[in-house]
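Chain residues, written in single-letter form:
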Amino acid sequence: MIALVVDDSRAMRRIVRGILRGAGMEVLEAGDGQEALDVLDRHLADEGAVPDVACIDWNMPVMDGLQLVTALRRRRELRSMALMMVTSESEQSQVVKALAAGAHEYLFKPFSPDALLAKLQLLGLLPQPATAGGGSWS
Amino acid sequence: MVVSDAPVVTAADLVGVVGDLWRSVSADPDAGDAPVPAAWHSRGARVLRSSVAIEGSWDGDLVLACAPGAAERWTRTMLALDADEPLGETDALDVLAEVVNVVGGAVKAHCAAGGRLGLPDVGEGEDAGPPHERALVVGLGMTWPDAAPDDPDALFTLALVHR
Amino acid sequence: MSAAPALAPGDLAWVCELVRAETAVVLDASKEYLVASRLLPLARRGGFRDVAAYVSRMRTASPAERWELVEAMTTNETSWFRDVEPFTHLRDSLLPGLAAARAATRSLRVWSAACSTGQEPYTIAMLLADAPQLRGFRTEVVATDVDRTALERARSGTYSAMEVGRGLPTDMLARHLERAGLQWRVRDGLRAAVRFSELNLARPFPERGRFDVIFCRNVLIYFDTATKRQVLERLHQVLAPDGVLVLGAAETTLGVSGAWARVDGSRAAVYRPLSGHATAPGAPAPARPGAAAAAAGRPWGAPPAGRTTSAPSAPASPSRPGARPAAALPPVAAPRVPASRSALPPRPAVPTRWDVPPRPTTTPARVAPVTSWSPARPPRPPAAPPAGAQLAATPPGAGPARPPAPRRVPAEPAPRAGGRPASPRPVTQRPGSARPDSARPDSARPDSGGSR
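Protein sequences appear in the order of chains A, B and C. So in the numbering used here, spot 54 of the first sequence is number 54, and the numbers just go up one at a time. So in the numbering used here, spot 90 of the second sequence is number 228, and the numbers just go up one at a time. So in the numbering used here, spot 159 of the third sequence is number 460, and the numbers just go up one at a time.
Since the hints were derived computationally from the structure, they do not count as laboratory data. Where is the CB? At the ideal position from N, CA and C, for every residue including glycine. Check before you lean on any hint, since a few could be wrong.
Stated by the list, open to error - Here are some chain C residues pointing at chain B (derived, C-beta under 7 Å):
1) M463
2) A481
3) L483
What the hints assert, rightly or not - Restricting the straight-line Cα-Cα distance to at most 25 Å, the calculated cross-link-like pairs of lysine to aspartate or glutamate (DMTMM-like) are:
4) A:K97 to A:E47
5) A:K97 to C:E479
6) A:K97 to C:D472
Unchecked claim - With the Cβ distance kept under 10 Å, some of the chain A side facing chain B (calculated, not the full set):
7) D7
8) G18
9) N59
10) A82
11) S93
12) P110
13) S112
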């Protein structure tokens, strides 16, 4: 599982990276929307694989998160990548705007690690708890 | 200053958002050590500062000013650095920028609907004391419950000011 | 916090790894006392001498028994769409099926039997409101809990931004909630669709009538077996014969009651009620059927040996493809005691959540709004920075803040220390120019990968 973390805050990238790595994901990073596109293109060229999820901050220099979501949704080959806003912008109108632009999920800062993992569960990217009826327990 | 546009953010709101942020990045969210109200910096105290512009139905700035010790505590907690790991001012300013970004975003919906946050500015200098009353919407000094009561190095302040 | 650790390092590591493997949640291994305090009630309830004995048993326990441990360590709050799968199953399978089955009455009742602060019943109400098959139906969500404070919160339908971030799909948030100051509130229409009331599951239910779906999640694990059996019995009585019971992830009726059959086709713990149950099918008649209960001191009106109800032992219902016959059960007969003649003495308040020690709540001090500054203490002369301060001091007299430094970030920092081994996968190098103004020695970190 591969995640792309886009945030101009080095601290926030580090925090999200830690949570995602703890969940077994490989993490790509970028500091703004344009850098994210560059990282993605490079990864596609080198590995031929589309990341499973992108965690995207809203307010960033050069290209902000909403612009990035719009740009990503225009690219057919990236349709399988889930787009999750991770931002302190929390107005109702902004949530609606992000969804309209094509974001799949929206996580408010501050968030607990559990909340980020729960979002990944909703997106089907994390295993759900095993059940007594025959889960994959060791 | 148009009073009717004045946002209704309170000091309690700030304490709440700061507490949520602290617990979300804290190694032990149950430790009960989220920041509590305290005094303001002394005039001339050295502070590291970050601020974010809030624009919308109301224009203003949220300003965070940390004494060096407070900045260090925020940084070590947010970056999960052990006490013996060195940290630089760049790390601290980056952390403080994110703190003001998070707090600003949380209160913005409450005070400037339909607007946007700017990108945080960071810097350092000497604190000029509490903002002038006419510009101040709400201002609050904070420290940690386990800090020495009169330790100015453990202080940080948040001020929401009219532009 | 006691000085002596309640949990041996090996046990602590085992618990942390189990939780990580099953839920991806990484516990802080440095907080041994927190882990131990959450395990203590489970150890007590299981009759273990101490936490160490409990963990020792858990190392060889079944997945279902272990799941109680995992739940205790990871669930400190309820959440929306908890575990996801049961709600997916509700939406994709249960609701369409029930809608068809109720075409005549066009009415559906769902009960959230341990609703806590309300996220579960509101989740259910959202799914009911969104279900196209239920258009024109009269739907009702009944939500109960034993905790009055939680019920008040639930009735208000108001949640913090952090709480709504926990498991609630964003499109649901956008459509079914609205901002209320700094918080979010369930919209009026949806709030009106849920009826909250206080109920102790361990006592007879006042509710009459049948439900089509009952959610009773992650609360039975706190009851002893006899109470569990009794609660399941009562749930059975108020559930429609073609309705379903939804338990928490990895919860099971197995070993407790033979009156249920697990529904296939979902990883979720969904059960159908079997008719004509009451005793363990196929279980050998015990010498003294009430012995276990009597020995525990409860005035349980156990039937004489060999007595069963008039209905035959529950076979697997042939009309339910995939329903499994219940396995052989321990030989304790659970008589069908009508609620009004329950022989049980009133129990002390049974928790529907935790009986761990209450967490210290950090309530922000009630601070009066500050519109003009009045310092709490007289101003003091600026103190010299403490010796050894990490942040380099500017020379005195540097004047007002210099122009803000650009916020763009330079060198890659070391990974967050979280007690986890470094990921074996390579770190992809990030583009951009390296700016060496971070003072931290990245080379000391194991997987700081790529040079910047």
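Going down the list of hints, with the structure as the test:
1. M463: Cβ of C:M463 sits 5 Å from chain B, so the hint holds.
2. A481: Hint on C:A481: violated, closest Cβ of chain B at ~10 Å, above 7 Å.
3. L483: 5 Å, holds
4. A:K97 to A:E47: Given pair A:K97, A:E47 is violated - Cα atoms ~32 Å apart, limit 25 Å.
5. A:K97 to C:E479: Between A:K97 and C:E479 the Cα gap is close to 15 Å, so the pair holds against 25 Å.
6. A:K97 to C:D472: Satisfied, since the Cα-Cα distance of roughly 11 Å is no more than 25 Å.
7. D7: With a minimum Cβ separation of about 9 Å from chain B (threshold 10 Å), the hint on A:D7 holds.
8. G18: 7 Å, holds
9. N59: Given a least distance of 5 Å, the restraint on A:N59 holds.
10. A82: 22 Å, violated
11. S93: Where the cut-off is 10 Å and the nearest Cβ of chain B is about 6 Å from A:S93, the hint holds.
12. P110: 4 Å, holds
13. S112: Holds: closest Cβ of chain B sits about 5 Å from A:S112, inside 10 Å.
Violated hints, in rising order: 2, 4 and 10; the structure is consistent with all others.
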